[in-house]
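Q: Start from the sequences and build out the full structure, keeping to the hints where you can.
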Amino acid sequence: MLLWRSVPSWARLSANALAPTNQQQHRATTCPVSPSPCWPAHPFPRALPDRLAAPLSPRRLFPSPNPIYPRANPPLRLLVLSPLPLPMAAAKHLAARVLRAHLLLPALRRPLSTAAAAAAEPPPAAADDLVTMKGVRISGRPLYLDMQATTPVDPRVLDAMLPFYLSRYGNPHSRTHLYGWESEAAVEAAREQVAAIIGANPKEVFFTSGATESNNVSVKGVMHFYRDKKRHVVTTQTEHKCVLDSCRHLQQEGFEVTYLPVRKDGLVDVDRLADAIRPDTGLVSVMAVNNEIGVVQPIAEIGRICKEKGVLFHTDAAQAVGKIPIDVDKMNIGLMSISGHKIYGPKGVGALYLRRRPRVRVEPQMSGGGQERGVRSGTVPTPLVVGMGAACELAMKEMEYDTKRITALQERLLNGVTARLDGVVVNGSIEHRYSGNLNLSFAYVEGESLLMGLKEVAVSSGSACTSASLEPSYVLRALGVEEDMAHTSIRFGIGRFTTEAEIDRAVELTVKQVEKLREMSPLYEMVKEGIDIKNIQWAQH
Amino acid sequence: MASAVGSAPSRAEVLSLFRSLLRTAAKFPDYNIREYTKRRTVDGFRQNRELSDPVAVAAAFAGGKSQLEIARRQAVVYSIYAPKAKSVMEIKAS
Numbered sequence: 001m002l003l004w005r006s007v008p009s010w011a012r013l014s015a016n017a018l019a020p021t022n023q024q025q026h027r028a029t030t031c032p033v034s035p036s037p038c039w040p041a042h043p044f045p046r047a048l049p050d051r052l053a054a055p056l057s058p059r060r061l062f063p064s065p066n067p068i069y070p071r072a073n074p075p076l077r078l079l080v081l082s083p084l085p086l087p088m089a090a091a092k093h094l095a096a097r098v099l100r101a102h103l104l105l106p107a108l109r110r111p112l113s114t115a116a117a118a119a120a121e122p123p124p125a126a127a128d129d130l131v132t133m134k135g136v137r138i139s140g141r142p143l144y145l146d147m148q149a150t151t152p153v154d155p156r157v158l159d160a161m162l163p164f165y166l167s168r169y170g171n172p173h174s175r176t177h178l179y180g181w182e183s184e185a186a187v188e189a190a191r192e193q194v195a196a197i198i199g200a201n202p203k204e205v206f207f208t209s210g211a212t213e214s215n216n217v218s219v220k221g222v223m224h225f226y227r228d229k230k231r232h233v234v235t236t237q238t239e240h241k242c243v244l245d246s247c248r249h250l251q252q253e254g255f256e257v258t259y260l261p262v263r264k265d266g267l268v269d270v271d272r273l274a275d276a277i278r279p280d281t282g283l284v285s286v287m288a289v290n291n292e293i294g295v296v297q298p299i300a301e302i303g304r305i306c307k308e309k310g311v312l313f314h315t316d317a318a319q320a321v322g323k324i325p326i327d328v329d330k331m332n333i334g335l336m337s338i339s340g341h342k343i344y345g346p347k348g349v350g351a352l353y354l355r356r357r358p359r360v361r362v363e364p365q366m367s368g369g370g371q372e373r374g375v376r377s378g379t380v381p382t383p384l385v386v387g388m389g390a391a392c393e394l395a396m397k398e399m400e401y402d403t404k405r406i407t408a409l410q411e412r413l414l415n416g417v418t419a420r421l422d423g424v425v426v427n428g429s430i431e432h433r434y435s436g437n438l439n440l441s442f443a444y445v446e447g448e449s450l451l452m453g454l455k456e457v458a459v460s461s462g463s464a465c466t467s468a469s470l471e472p473s474y475v476l477r478a479l480g481v482e483e484d485m486a487h488t489s490i491r492f493g494i495g496r497f498t499t500e501a502e503i504d505r506a507v508e509l510t511v512k513q514v515e516k517l518r519e520m521s522p523l524y525e526m527v528k529e530g531i532d533i534k535n536i537q538w539a540q541h
Numbered sequence: 001m002a003s004a005v006g007s008a009p010s011r012a013e014v015l016s017l018f019r020s021l022l023r024t025a026a027k028f029p030d031y032n033i034r035e036y037t038k039r040r041t042v043d044g045f046r047q048n049r050e051l052s053d054p055v056a057v058a059a060a061f062a063g064g065k066s067q068l069e070i071a072r073r074q075a076v077v078y079s080i081y082a083p084k085a086k087s088v089m090e091i092k093a094s
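Chains as they are written, first to last, in full-length UniProt numbering: chain A, 1 to 541; chain B, 1 to 94.
What the hints contain is simulated information worked out from the structure, not anything from laboratory work.
Each residue gets a CB set at the ideal place from its N, CA and C atoms; glycine is no exception.
Keep in mind that a hint or two might mislead.
[Stated by the list, open to error] Example chain B residues on the side facing chain A (calculated, C-beta under 10 Å, incomplete):
{"#": "1", "residue": "Y36"}
{"#": "2", "residue": "V42"}
{"#": "3", "residue": "F45"}
{"#": "4", "residue": "Q47"}
{"#": "5", "residue": "N48"}
{"#": "6", "residue": "E50"}
{"#": "7", "residue": "Q67"}
{"#": "8", "residue": "A71"}
{"#": "9", "residue": "V77"}
{"#": "10", "residue": "I80"}
{"#": "11", "residue": "K84"}
{"#": "12", "residue": "S87"}
[Stated by the list, open to error] From the derived model, a few chain A residues whose C-beta atoms are all more than 10 Å from chain B:
{"#": "13", "residue": "L52"}
{"#": "14", "residue": "L130"}
{"#": "15", "residue": "G140"}
{"#": "16", "residue": "R141"}
{"#": "17", "residue": "D159"}
{"#": "18", "residue": "K203"}
{"#": "19", "residue": "P279"}
{"#": "20", "residue": "I324"}
{"#": "21", "residue": "M366"}
{"#": "22", "residue": "M399"}
{"#": "23", "residue": "E411"}
{"#": "24", "residue": "T498"}
{"#": "25", "residue": "D532"}
A: Structure below.
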């Protein structure tokens, strides 16, 4: 089997190398993301040889002799610090003195090189509580504007969870004692809370370890169950990686997948989706709210089309539940993935909604004791599930208040930035957008340097340049955003706990950093003089 | 409390609840939670100011009391696990 790594990059088939119509066809059937797991592009620093990393370890000081060639290991040259010549009588003290001398050696040892320094203790925190991590020093904890990555646990959710870590720690599947009964009651109560926020019956909700697992079960489980009749899946190019990776897995098994392109504003073309559905289509998977650009897809319309054509409709609603109103009956949703830690709940828990009428069958991914009606075996984590239920109930109560506030904050952020900067582009549709997600690209600014200057604000970048690979995000690529703009994109996530002061500070820092970088940028100078960058004939020196 | 279950709370009781919630909010070491609790209390009381039905008023008051209990407990928990470094919003004056 040919390893992807062993194929040189110039030999890998590039979608850009094909003719335009072929390119479209290629992109419609090829998974937009590279295979997982992600190999780091740069190898980790090589481990130091023994003599530098641990010069005074006992192994080196007293090496065990090679059994076949006893004199093969050269004796370690020991530095003796004693100034006077040692008399014969004190020979037996020589070893002890030599050893003591070596304990003084650390002071003379050459300075640690990188890997050993990294392994050494980090410097103690300065008196004014400086936070030092990964070579960055900031005066305090950054202000958090990355709500799409995860949200802080609401104190009310934590309050609901704690008793189940302290005294009510029973396994909900234990049928014989109080601990089990009260845990089971709590799990069922949480199930009702989750079902209430999506307008479902509690019997249709199954708890999983997160939206990734729910997506896996939905995509792979449904297609495996109907593998004899249905061989085709329709999805979009901007889906979450777990959905796309599951689709690639299905492709490797022999299923066919259509990756629908999206328009410039990030929305999927509903007519194209309707055309892409074939008689052997088993599943249509379109996410409700995109995690990178925040666009809200027309779920109700897609659900209506799927119902007409008799195709199962799955939506990844991890970023949508609790933020925009979702009703599985009105939107004709057959399967839905919910994530706990996106709605101010704990991490490590999610839910899967499976419609009962008409019944949606899936092949289970987790085999075991048949918990959760056989759909997902494994002990249901009571504290996490209770937390998720509490988070859903809170989200239902606070949705109106939060939405109003977050919309106002988003306007404040956008107006603050655009009032002082030009060349700011919002990625994705502005009208069909969840207000807590703002993805901005700053022209003529280099992405990584912008992020390095924004260390007091916890934001995410649109490209993956914070990770090992330098590829721009596949979502922005699907939108047709050019590479340079994709690299400078920043995703601001606003949530329930964000304050106006934080938004103002974020605006201030972003504007300052962008202005600083643009001042240094020769490209920006040329643009200000009126030169069109795209039509420059660069001279060959 | 002097009010029986179901009867409307007096103005003094409502004000006392409001002040207790704000005092508890100030005890949170986390900047975001503290600001949220203060803001939510003020907005919540403002929203329910026009309530006239005594049953609804009593229900809102009971809800407020339970939220006060939750806030008291969580203020203690957050204080015990407060990180050494404060948020940048609390450090810089600018």
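Q: Give a verdict on every hint.
A: How the hints compare with the structure:
no.: 1; hint: Y36; result: holds (5 Å)
no.: 2; hint: V42; result: violated (12 Å)
no.: 3; hint: F45; result: violated (13 Å)
no.: 4; hint: Q47; result: holds (8 Å)
no.: 5; hint: N48; result: violated (12 Å)
no.: 6; hint: E50; result: violated (16 Å)
no.: 7; hint: Q67; result: holds (8 Å)
no.: 8; hint: A71; result: holds (7 Å)
no.: 9; hint: V77; result: holds (7 Å)
no.: 10; hint: I80; result: violated (12 Å)
no.: 11; hint: K84; result: holds (6 Å)
no.: 12; hint: S87; result: holds (5 Å)
no.: 13; hint: L52; result: holds (34 Å)
no.: 14; hint: L130; result: violated (8 Å)
no.: 15; hint: G140; result: violated (4 Å)
no.: 16; hint: R141; result: violated (5 Å)
no.: 17; hint: D159; result: violated (5 Å)
no.: 18; hint: K203; result: holds (29 Å)
no.: 19; hint: P279; result: holds (52 Å)
no.: 20; hint: I324; result: holds (21 Å)
no.: 21; hint: M366; result: holds (33 Å)
no.: 22; hint: M399; result: holds (14 Å)
no.: 23; hint: E411; result: holds (18 Å)
no.: 24; hint: T498; result: violated (7 Å)
no.: 25; hint: D532; result: holds (39 Å)
The structure fails to meet hints 2, 3, 5, 6, 10, 14, 15, 16, 17 and 24 from the earlier list, while all remaining hints are met.
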